[in-house]
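Visitor: Sequence:
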Amino acid sequence: MAKKTTSEMRWGIAILFCYILWALAWYFYKFLIKGTLLLPYKPIIEMQNELARPLTHHLIFGADLLGRSLLEVLSAGLSYSLSVSLVVTLTTASFGILIGYLAIKAPGWLKYLFDLLINLVFVFPSILIAIMIMAVTGQSMGGLILALVVTGWPGYAKIARGESKRVLALSYVEGARAVGIGEWRLFFRIIIPAILPVMVVNMVLGISGVIISEAALGFLGLGASPYSWGALLSSAKTVLLEAPHVAMILSLTMSGLIVGLNLLGDGLRDYLDPNQS
7 MAKKTTSEMR
17 WGIAILFCYI
27 LWALAWYFYK
37 FLIKGTLLLP
47 YKPIIEMQNE
57 LARPLTHHLI
67 FGADLLGRSL
77 LEVLSAGLSY
87 SLSVSLVVTL
97 TTASFGILIG
107 YLAIKAPGWL
117 KYLFDLLINL
127 VFVFPSILIA
137 IMIMAVTGQS
147 MGGLILALVV
157 TGWPGYAKIA
167 RGESKRVLAL
177 SYVEGARAVG
187 IGEWRLFFRI
197 IIPAILPVMV
207 VNMVLGISGV
217 IISEAALGFL
227 GLGASPYSWG
237 ALLSSAKTVL
247 LEAPHVAMIL
257 SLTMSGLIVG
267 LNLLGDGLRD
277 YLDPNQS
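Numbering (our numbering), first residue to last: 7 to 283.
Any given hint could be a false lead.
Unchecked claim - EDC-like cross-link-like pairs, simulated, lysine to aspartate or glutamate; straight-line CA separation at most 20 Å:
| id | residue 1 | residue 2 |
| --- | --- | --- |
| 1 | 36 | 14 |
| 2 | 117 | 189 |
| 3 | 171 | 248 |
| 4 | 111 | 121 |
| 5 | 117 | 169 |
| 6 | 40 | 52 |
| 7 | 164 | 121 |
| 8 | 111 | 189 |
| 9 | 243 | 56 |
| 10 | 111 | 169 |
| 11 | 171 | 189 |
| 12 | 111 | 180 |
Source of the hints: derived by calculation from the structure; they are not laboratory data. The structure displayed is predicted, hence computed values, not measured ones.
Make a model of the complete structure from these sequences and hints.
Guide: Written out as C-alpha cells, the structure is:
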C-alpha cells in the first residue's frame with residue numbers, strides 16, 4: 007500500500023516552499039532588477055526612515071535602526087541563512103557518514119581514534135568550540151562554516167555508526183561479501199542507500215539547528231554577515247522599547263522557517279518509517 011503524507015509533512019513543505027520562493031525572489035531582485043551580477047543590490051541606509059513603523063514611508067515591515075527596509079534586510083538574511091545552512095549541513099552529513107562508518111570498519115587503532123573523535127567533541131559545549139574557532143579564524147564565511155562543521159559532524163557520525171552496524175548485520179550484506187564485493191564498494195552501493203532515509207530526516211532537522219547556531223554566533227557578534235538574523239536581533243534588542251516591531255518581525259520570520267523545517271523533518275520521519283503503511 008502506498009504511504010500517505012502526514013499533515014505535518016504537508017504543512018512543512020508548504021511553509022518551506024514559501025521561504026524558498028521568498029529567497030529566490032530576493033536573488034532575482036538583487037541581481038537582475040535592482041543590481042547586476044557584478045554589482046548586486048544591498049539594502050540602502052536611509053536614516054530619515056530610522057525605526058519607521060510597518061506600513062509607513064512605503065515600507066511594508068517598516069525600517070531597522072539604520073533606516074533600511076526591514077523587508078529587504080530580512081530577505082538578505084534569509085538567503086544568507088539558507089545558503090550557509092545548506093552548505094554546512096551537506097558538509098557535516100557527508101563527513102559524519104564517512105567517519106561514522108570508519109569508526110566501525112577502520113583497521114586497528116584507527117577505529118578507536120575515530121570513535122574517540124566522535125565522543126570527544128560531545129564533551130565540550132558546541133557553542134564554546136564555535137566561539138574559539140571564530141576567535142582564531144576571525145569573522146569570515148570560511149571561519150563560520152568551519153566552526154559549524156566542526157561542532158555539527160559528530161551528531162551525524164553517531165547516527166551513521168549505529169545505522170551502519172544495523173545494516174552490516176543483515177543477511178544480504180553477508181551475501182554481498184560472499185560474492186567478493188570490496189569494503190568501499192559495499193559502503194557506496196549498499197550502506198549509503200540503506201542509511202540515507204534516516205540521514206535525510208536528520209539533515210532536514212539539522213538545517214534548523216545550523217540556522218539557530220549561526221544566529222547565536224551572529225547575536226554574539228561573531229557572524230560573517232551584517233544580515234545575519236542573529237546580528238539583526240542583537241541590534242533590535244537595543245531599541246526594543248522604542249521599536250518592538252523590529253525584534254518581533256525578525257523573531258517571527260526566523261521562527262516560521264525553523265517550525266517549517268521541523269514539521270517537514272517530523273513528517274519525513276513518519277513517511278519513511280518502514281513500520282508505517
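Visitor: Are the hints correct? Go through all of them and say.
Guide: Taking the hints in turn, this is what the structure says about them:
no. : hint         : in the structure
1   : 36 with 14   : 33 Å, violated
2   : 117 with 189 : 15 Å, holds
3   : 171 with 248 : 56 Å, violated
4   : 111 with 121 : 11 Å, holds
5   : 117 with 169 : 16 Å, holds
6   : 40 with 52   : 17 Å, holds
7   : 164 with 121 : 9 Å, holds
8   : 111 with 189 : 9 Å, holds
9   : 243 with 56  : 15 Å, holds
10  : 111 with 169 : 13 Å, holds
11  : 171 with 189 : 14 Å, holds
12  : 111 with 180 : 15 Å, holds
Checked against the numbered hints given earlier, the structure breaks hints 1 and 3 and satisfies all the rest.
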